[in-house]
Amino acid sequence: MNYDVAIIGGSYAGLAAGLPLGRARRKVVIIDAGQRRNRFADHSHGFLTQDGTLASEIAQIAKQQLLQYPTVDWIDGQVKRLEKKDDLFHICIDGTQAVSAKRIIIATGVQDQLPEITGLKERWGKSIFHCPYCHGYELNQGKIGLIASSEHSAHMAMLLPEWGSVTYFLNGQPLAAETELQLIERGVVIEKRPVAEIIEHSTVVLSDQNHITFEGIFVTTRCVISQDWIHKLSCELEHNPMGEIIKTNALKETSISGVFACGDVARLGGSISLAVGDGTMAGVAVHRSLVF
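Sequential numbering of the sequence shown, starting at 1, is according to my numbering.
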């Protein structure tokens, strides 16, 4: 099948990108592997008109609405290979299907690399979080833990007292003396004993076996692009302590002509509202590139 646009990734950014294209009656296919980045969390917060709604419900309703447009198709599957030939992008899906498109929008999201602490992975998205704007309010100004895992952790430690009383576990990460004084002024308790594991709902067990229980715990993750075909495509990437993303211009086009990217794979600091805005921009920009 030949399409005007293939959108790879059917979460919030990809769905948002498809909407202006479908409304412009362009022939669009969305290819989705069913791996939303926020699939570990139940509810979404901070998205206008949808605050507190099930995250899965927002995606489901968006998909239903988008597929009402007759020029929009959906394929469940994983992209294995993508190459450009004769002004078309050729996409191999699961080694069993192939589609072609004039334009590509990458909206695959990223993978969160979690600190290797026993008990953390099992509680990710339930009692251990990455974004205070998404999950801080529900902790009701209680006791909050933050486990350092990157250069960005101290920045989050400065923010978190808005949502409760904070204990900052350095866990072997360095902390500048000036930053330590700033954190103390913010009321942050700095804990230098290493974290051994996390148990129960959100109880930190220290290396000396002391226990500290919290309403919730935050960690910073490193975002990585795990799809091999994206790396082989050789789009220019941006790297910083928070991870890697695909570099795009203001209109969401990558370093490769005809390839656009949006959402968490193309910007750091993910949320549904940011992903939707990013996707909408990508969809409009792609449509205009097809016209002009």
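Note that these hints are calculated values from the structure, not bench results.
Honestly, I wouldn't trust all of these hints.
List of simulated lysine-lysine pairs, DSS-like, C-alpha gap at most 30 Å [claimed, not checked]:
| no. | residue 1 | residue 2 |
| --- | --- | --- |
| 1 | Lys80 | Lys121 |
| 2 | Lys192 | Lys27 |
| 3 | Lys84 | Lys247 |
| 4 | Lys80 | Lys247 |
| 5 | Lys102 | Lys85 |
| 6 | Lys80 | Lys102 |
| 7 | Lys85 | Lys192 |
| 8 | Lys102 | Lys63 |
| 9 | Lys232 | Lys27 |
| 10 | Lys84 | Lys192 |
| 11 | Lys27 | Lys143 |
| 12 | Lys27 | Lys85 |
| 13 | Lys84 | Lys27 |
| 14 | Lys247 | Lys192 |
Pair ranges (Cβ atoms, derived) [claimed, not checked]:
| no. | residue 1 | residue 2 | range |
| --- | --- | --- | --- |
| 15 | Glu122 | Asn210 | 40 to 50 Å |
| 16 | Glu57 | Ala98 | 30 to 40 Å |
| 17 | Ser255 | Asn210 | 17 to 27 Å |
| 18 | Gly52 | Ile199 | 47 to 57 Å |
| 19 | Gln60 | Ile184 | 37 to 47 Å |
| 20 | Glu57 | Gln173 | 30 to 40 Å |
Here a beta-carbon is modelled for each residue, glycine too, at the ideal position from N, C-alpha and C.
Here's how the hints hold up against the structure:
For the hint linking Lys80 to Lys121, the alpha-carbon distance of about 27 Å falls within 30 Å, and the restraint holds. As the CA atoms of Lys192 and Lys27 are separated by approximately 57 Å, the hinted pair breaks the 30 Å bound. With a CA separation close to 19 Å, the supplied pair Lys84 and Lys247 stays within the 30 Å bound. As the CA atoms of Lys80 and Lys247 are separated by approximately 22 Å, the hinted pair is consistent with the 30 Å bound.
Distance restraint check for Lys102 and Lys85: the Cα-Cα separation of roughly 10 Å lies within the 30 Å cut-off, and the hinted pair is therefore satisfied. Annotation: proposed proximity of Lys80 to Lys102 holds, straight-line Cα distance about 18 Å (limit 30 Å). With a C-alpha separation of about 56 Å, the suggested pair Lys85 and Lys192 falls outside the 30 Å cut-off, and the hint is violated. Between the alpha carbons of Lys102 and Lys63 the distance comes to roughly 23 Å, so the proposed pair stays at or under 30 Å and holds.
Taking the CA atoms of Lys232 and Lys27, the gap is about 26 Å. The hint holds against a cut of 30 Å. With a C-alpha separation of about 52 Å, the suggested pair Lys84 and Lys192 falls outside the 30 Å cut-off, and the hint is violated. A threshold of 30 Å between alpha carbons decides the hint, and for Lys27 with Lys143 the separation of about 51 Å lies outside it, so the pair is violated. Annotation: proposed proximity of Lys27 to Lys85 holds, straight-line Cα distance about 19 Å (limit 30 Å).
Distance check on the hinted pair: Lys84 and Lys27 sit about 19 Å apart at the alpha-carbon level, within 30 Å; holds. Of the pairs offered as hints, the one joining Lys247 and Lys192 is violated, with about 37 Å between alpha carbons and a cut-off of 30 Å exceeded. Taken as a hint, the range 40 to 50 Å is violated for the pair Glu122 and Asn210, whose Cβ atoms sit roughly 21 Å apart. Our hint of 30 to 40 Å for Glu57 and Ala98 holds, since their Cβ atoms are close to 33 Å apart.
Roughly 50 Å separates the CB atoms of Ser255 and Asn210, a value that falls outside the hinted 17 to 27 Å. The beta-carbon spacing between Gly52 and Ile199, approximately 28 Å, falls outside the hinted interval of 47 to 57 Å. Remark: the range hint 37 to 47 Å for Gln60 to Ile184 is upheld by a beta-carbon distance near 46 Å. At roughly 37 Å, the beta carbons of Glu57 and Gln173 sit within the given window of 30 to 40 Å.
In the structure shown, a violation is registered for the earlier hints numbered 2, 7, 10, 11, 14, 15, 17 and 18, in ascending order.
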